[in-house]
Amino acid sequence: MIRTIFHSEYLQFRRSPAVWTGLLCYLFLGLYSIYYGRQVIVVQQTKIAEAADSISRAQIAYIKNFMADTTTSSGRYNYEKASVPSLVRFNYPFLAMNRPGALAPLCIGQRDLFPLYYPLTAQSFYVQTLKGDIYNPFKLKAGNFDLAFVIVYLMPLLLCACCFDVLSAELRSGTDRLLAIASGNLRLLLLYRLLFRSGLVMAATLLLCLAGFFIAGQMNFWCGLGWIVVTLVYALVWSGINFWVNSFKKDGTFNAIAVLTAWVSIMIIIPSAADLALGQVPRTGEVKLATLMRSRNMPETDSAMNAALQKFYLVNPRYRPKDTIPGRFYYFQGYSAFLFNGDRAADSLVDARYELLAQHQQQLARFNAVNPAYNTSEMLSMLAGTTLADEWAFKSAARSFHRQVFWFANRPLFEGKLMKPLDYLAQPKFQPPSAAFNLKNWFVDLLALTIGVVVFGLAGWIKLINRSFL
Amino acid sequence: MKKIKIIAGKEFRSGLRSPAWYLAGGLFLLLTLLVLISGYRNYRQRSQERAAAVSEQRSRWLHQDPKHPHIAAHFGNFAFMPQTPLSFFDHGLDDFTGTVAYLEPHRQNEFAFKPAESAGAVSRFGVLTASMILQVIFPLIIIFISFDAFSREFEQQTIQLLYSQGLSFRQLYLGKLVGFSLLLAVLLAPVMITLAALAGTDGEQWLLMILLGGLYGLYFIVILALSLLCSAYLRNSRFSLLLLTALWVMITIVLPKWAASTGDGFFRLPTKNTFDAAIHHDLLNGINGHDPSGARAQKLKSELLRKYKVDTIAKLPFNFDGYIMEAGEEYSSRVYDRHFAQLQQTLIRQNQLTQWCGLIDPFIAVNGLSMALAGTDYYSHLAFQRQAEQYRRRFVQQMNHEMEVHSKMGDWDYRSDRRVFAAVPPFRYHPQGLMASISYQLPGMISLMIWLILIVWLVQRYPAYLNQS
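Same order as they appear, the protein sequences are chains A and Z.
The opening position of the first sequence corresponds to residue 1 in the working numbering, with each subsequent residue numbered one higher.
The opening position of the second sequence corresponds to residue 1 in the working numbering, with each subsequent residue numbered one higher.
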């Protein structure tokens with residue numbers, strides 16, 4: 001039976017220009033999305049490389065200053081620029097870069113909302129990182145035309161267009177009775193026909209994914225496999241929805257309206273309803289964070305210096321001087337201590353804010369656990385390393401890196417020493433964050449998606465309890 | 001006219017008898033009213049948060065310790081993006097523009113803390129607002145209730161009966177258009193009443209409400225008229241539904257995203273780092289590249305010495321440091337103006353492709369106009385940004401002037417007291433006028449007119465042979 005049905009479907013497919021056109025349009029949009037995603041990520045990579053190059057040149061220039069001719073005033077100035085820690089701390093630059101993962105061109109996710117890198121010195125971390133970046137809000141609102149968009153939004157539409165009238169077309173043309181005589185088993189007939197049509201869309205999507213992997217270049221095999229599994233299970237969810245809608249044995253118009261309503265609910269209403277139901281995160285925390293952008297000014301008085309240093313020594317007792325005579329770098333140490341204390345106090349404020357946001361995200365994810373589009377989008381972003389959690393992980397890694405940057409020049413400053421070329425050789429290097437990918441969460445999302453397939457499949461199967469057409 | 005009335009009445013009554021209309025309409029009303037009310041609640045909450053933030057920052061400015069005026073300028077001020085009264089109806093770009101900018105000497109900062117940064121994937125699925133329901137979901141409801149308005153007559157072979165009564169296609173079309181419009185008006189009336197009640201009653205709001213009502217009314221008429229035309233031309237309900245939904249997907253989902261992505265690809269934005277580096281370069285070397293900052297200061301010094309007929313700057317009747325800071329700030333403003341003008345030009349070019357796509361896409365047209373009327377579009381944000389920048393320059397210059405006039409050169413121990421800080425007025429944003437807002441949306445306005453003309457032309461040119469069932 002399956003061979004006959006597949007053969008008949010194949011003949012219908014060959015004779016249907018509408019399906020061909022739909023598939024070709026889909027393939028064209030898919031290829032465009034791959035091209036677009038690749039372009040965006042190449043531009044991001046170029047921007048990161050340019051920044052890395054400019055920082056690296058500035059760093060090399062510093063080290064060259066050690067070879068300056070100190071018999072001349074400009075040579076001495078250059079030498080001091082590289083060796084006096086109070087001069088180095090706010091001028092010697094470092095870079096924390098958020099490099100894109102291999103699958104990022106296929107799912108840009110949240111990458112376009114956040115800075116690609118932070119140039120850092122020993123200045124306050126928050127003064128350097130909280131100020132806004134350059135974006136086009138209009139473009140951000142429109143979102144990215146990447147492969148993930150094609151898979152999450154357009155693939156279901158094509159599936160619905162191909163599958164919504166599997167039975168109703170027969171009812172309309174009056175061939176249902178003929179089929180009933182020939183096959184008898186409506187469930188299997190519907191299932192096989194849906195399988196063939198969904199299979200076509202899935203094959204086209206698979207082709208796009210493979211083209212995307214090829215364009216993306218080096219990538220982890222398991223990530224690629226995970227991407228394909230998620231895509232296919234998501235396609236099966238939509239096949240299940242179509243199976244269920246067809247099982248009502250209504251006319252084509254009813255089916256079309258039903259699947260479109262399902263699409264609008266899943267893509268627009270449910271994700272937004274979650275946002276509405278949970279309410280928005282209060283922005284009062286942001287106002288407090290905004291004050292962290294302020295330039296750090298401290299009164300240049302002995303009492304202020306002393307107060308900052310005493311607070312600093314409580315946390316870093318090894319730098320407490322043995323005698324009470326102010327050292328060579330006393331005032332510079334005071335300001336560095338002031339910055340250190342300020343950032344420590346700010347850390348708790350920032351952590352509390354991010355904790356609140358993380359909780360809100362968890363609630364949203366729970367609310368959306370039943371939403372296949374949201375789950376698929378999240379799973380694809382997880383594989384591409386472009387989720388909000390990935391961006392936060394980068395910020396957190398940049399903050400850890402800044403601590404090392406702070407001590408790079410401040411350690412000699414508090415030890416009262418000059419900096420040497422060896423200090424530069426041992427300078428901190430930014431360690432990219434370990435991927436925020438959470439295998440357990442990914443499997444839970446996949447399980448939720450699979451449950452969707454089973455639920456819709458079973459609902460349709462049960463609905464077709466009466467196996468005949470009428 | 002009487003025949004049109006009869007047809008319209010018949011369509012209206014049939015619609016009211018249809019359970020599908022009640023189901024779709026009921027869900028639409030429930031969702032829209034819910035979204036309007038919760039949107040208004042969020043707007044109130046946000047406005048209160050903003051007012052509290054503004055007052056807190058003002059108080060911090062006023063109550064800062066006495067300090068040198070230039071250091072006080074470095075303490076800085078903040079500009080908080082206000083929420084317009086209609087932002088609860090149409091968020092526009094509010095979630096993506098950033099809410100606060102730090103205003104400090106020597107540099108113009110970007111707006112930080114975009115609400116979308118903390119919303120995750122949900123914000124990319126689109127935030128449900130009343131405007132989004134009206135722009136995206138309501139057209140789908142229009143399609144669902146009207147896609148078979150003509151095709152059903154053909155399929156049930158009642159079209160000949162109608163024509164045999166002496167009706168022309170135009171009368172039939174107009175009758176159906178009026179009938180369905182009345183059905184839609186019944187659904188929209190509670191929404192508009194709730195919106196008007198929540199938005200307030202001052203003169204400006206009423207005008208905006210009327211314009212919004214007119215805009216959406218026109219948009220729905222275009223969608224309805226297109227849907228009826230599709231039904232009449234295709235004469236097949238299934239094809240009509242498929243074509244209309246394909247069109248809906250194209251105009252609301254695919255084309256806006258494609259246009260924005262392509263605009264972004266054509267005109268690239270610099271990163272903040274390269275942008276700042278270019279500004280720094282011009283500040284150091286002069287706008288023309290041959291006027292280094294040291295030489296500029298030297299030239300200024302010589303001019304002043306000549307003007308006041310003194311031989312050292314210490315003998316000048318004012319603090320030269322303060323004067324040089326004022327001049328530096330003035331020069332940096334010119335440099336910033338030049339670079340920001342280029343940046344804004346790039347941003348506007350990126351968005352123009354979408355705006356011109358509005359000529360063929362009524363959704364894009366209405367989206368732009370609706371944001372402009374709600375004061376949440378890019379140009380409103382730009383107006384706010386400009387006013388914030390003007391304020392930054394004014395207050396920094398005020399502090400520099402204080403330094404120049406009241407302190408002595410090299411005296412960094414000079415302290416300004418709170419009277420000086422209080423003399424700096426708080427930042428107040430004056431929204432751009434209605435005409436200025438909508439003047440940027442010319443392609444959108446032309447688009448709706450073009451669609452109306454096209455529809456009228458297609459109705460006029462409806463081929464006689466299609467009247468046969």
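Hints may contain errors.
[Unchecked claim] Restricting the straight-line Cα-Cα distance to at most 30 Å, the calculated cross-link-like pairs of lysine-lysine (DSS-like) are: (1) K429(A) <-> K272(Z); (2) K272(Z) <-> K250(A); (3) K272(Z) <-> K64(A); (4) K131(A) <-> K10(Z).
Note that these hints are calculated values from the structure, not bench results.
For clarity, every value in this text was computed on a predicted model and none was experimentally measured.
The hints, checked one at a time:
1. K429(A) <-> K272(Z): holds, 22 Å
2. K272(Z) <-> K250(A): Violated: K272(Z) and K250(A) sit about 57 Å apart, past 30 Å.
3. K272(Z) <-> K64(A): holds, 28 Å
4. K131(A) <-> K10(Z): Measuring from Cα to Cα gives roughly 61 Å; hence the hint is violated.
Taken one by one, the earlier hints fail for this structure at numbers 2 and 4, listed in ascending order.
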